Amino acid sequence: MGRFHRHDDGSVHAHEHSGHAHEHSHGHEHSHGHEHEHDHDHEHGAHDEARAELIGDHSGYRTGGERIDVLERIFDENDAAAAANRARFDDAGVTAVNLMSSPGSGKTTILAKTLERLQRGARIGIVEGDIETSIDADRLRGFGAQISLLNTGNGFGGECHLDAPMVARALRDLDLPSIDLLLIENVGNLVCPAEFDVGAHRRAMVFSVTEGEDKPLKYPVMFRSVEAVVVNKTDLLPYLDFDVELFERNLMTVNPTATVIYASAKTGEGLDEWLAWLAADSAVAAD
Amino acid sequence: MHELSLSRQIAAIVERAADGRPVREVELDVGHLRQVVPETLEYCWGLVVGGGPLDGAALRIRRIEAVVACRECGASTTLRGIPMIRCGTCGAAAVDVVSGEEFLVRSIEVGDADPTDGESPTTKE
Numbered sequence: 240m241g242r243f244h245r246h247d248d249g250s251v252h253a254h255e256h257s258g259h260a261h262e263h264s265h266g267h268e269h270s271h272g273h274e275h276e277h278d279h280d281h282e283h284g285a286h287d288e289a290r291a292e293l294i295g296d297h298s299g300y301r302t303g304g305e306r307i308d309v310l311e312r313i314f315d316e317n318d319a320a321a322a323a324n325r326a327r328f329d330d331a332g333v334t335a336v337n338l339m340s341s342p343g344s345g346k347t348t349i350l351a352k353t354l355e356r357l358q359r360g361a362r363i364g365i366v367e368g369d370i371e372t373s374i375d376a377d378r379l380r381g382f383g384a385q386i387s388l389l390n391t392g393n394g395f396g397g398e399c400h401l402d403a404p405m406v407a408r409a410l411r412d413l414d415l416p417s418i419d420l421l422l423i424e425n426v427g428n429l430v431c432p433a434e435f436d437v438g439a440h441r442r443a444m445v446f447s448v449t450e451g452e453d454k455p456l457k458y459p460v461m462f463r464s465v466e467a468v469v470v471n472k473t474d475l476l477p478y479l480d481f482d483v484e485l486f487e488r489n490l491m492t493v494n495p496t497a498t499v500i501y502a503s504a505k506t507g508e509g510l511d512e513w514l515a516w517l518a519a520d521s522a523v524a525a526d
Numbered sequence: 015m016h017e018l019s020l021s022r023q024i025a026a027i028v029e030r031a032a033d034g035r036p037v038r039e040v041e042l043d044v045g046h047l048r049q050v051v052p053e054t055l056e057y058c059w060g061l062v063v064g065g066g067p068l069d070g071a072a073l074r075i076r077r078i079e080a081v082v083a084c085r086e087c088g089a090s091t092t093l094r095g096i097p098m099i100r101c102g103t104c105g106a107a108a109v110d111v112v113s114g115e116e117f118l119v120r121s122i123e124v125g126d127a128d129p130t131d132g133e134s135p136t137t138k139e
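In order, the protein sequences belong to chains X and D. The opening residue of the first sequence carries number 240 in our numbering; numbering runs sequentially from there. The opening residue of the second sequence carries number 15 in our numbering; numbering runs sequentially from there.
Bound conformation, chain X alone (with noise of 0.2 Å):
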């Protein structure tokens, strides 16, 4: 399959790469044939050719060959995989977020402010993912915290996203009985880390003011996936034109029910919501 198909995570083509070591922890429950169920039934029948349009040039499209229905989500074995590492979490007691931004946003100096304000008695995990460098993860050790390194690049690129079979490696660093909270720092981008579940309990973004209102517009699918969104780098409001209520106004469009958390890293402001959202849902105390 050339020199594309990399895969050290573990997950996918187990069936052509004998070599690897893979751990398939996850397991592969759906069968490999094409009879199992599937609960999308919206899907069949929905398919009236008036609302599917057909990309490319079909007319030289020869028939003749045998017709197989597979019916299978391109997502399945990332959510077999994702629902696996939910589990995990919750046997462990382990609340788990997905954090997701795009790249410059401040995000690990939130985390790092998060962990320097949580670090008594609390007990963190951190997935950090990042394509290529530890230079994420040296920023947030020295907290207490258990840091887990996932570099997703292979010397010519890498992953845009973590997955569900990555996060699952990761955790092979992780004491998870002794964590409460496992902060999961995705790759700096705002398309792919939007659709892949990792099996995090709950998703927020980091965005900075210097991104433009328009974002949520542009992004939507990021913006719709998260419950809550950290609007940082808020200290320099005053020397940017950025039009506060336009960006709610566009964020109400794409995701009406978000949680919106103005804060600066670098002065401190709305830490305090943000960490309490944190807890909201976790056994760390806010303070």
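Rather than coming from a laboratory, the hints here were simulated on the basis of the structure. Predicted, not measured: the structure shown is a model, and the values here were computed from it. No false leads were mixed into what you were given.
Selected chain D positions facing chain X (Cβ under 8 Å, derived; list incomplete):
id: 1; residue: H16
id: 2; residue: S19
id: 3; residue: L20
id: 4; residue: Q23
id: 5; residue: I24
id: 6; residue: I27
id: 7; residue: A31
id: 8; residue: L47
id: 9; residue: Q49
id: 10; residue: M98
id: 11; residue: I99
id: 12; residue: A107
id: 13; residue: F117
id: 14; residue: S121
For glycine and all other residues, C-beta sits at the position ideal for the given N, C-alpha and C.
Chain X is fixed; fit chain D onto it per the hints.
Here is chain D on its own, set in the frame of chain X:
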């Protein structure tokens, strides 16, 4: 941006379903709410399957419109352009996504185990 890893997932599903038979075409359902760029997916698909057992298998992508149903007034709204996830009739934000989040391998077309026809259909052009 993640079309490469999606292509790998698709290839795994297709290989299992094909069970060794040559695959001529893979039919995908892709909802409008999925951030999948068909042209990018086709490019990545070519990279992933090139030289392997699925080499030459074409992707046939069915785009599924995004439709939401309003919990307040019951109206159905097809979302166009920027997906404002709210009712187009009464403006309520309490809506359920009826379609548009699909992302599945719907079917595959396979040939005989001994393919003598080298002219498998190409995806575009």
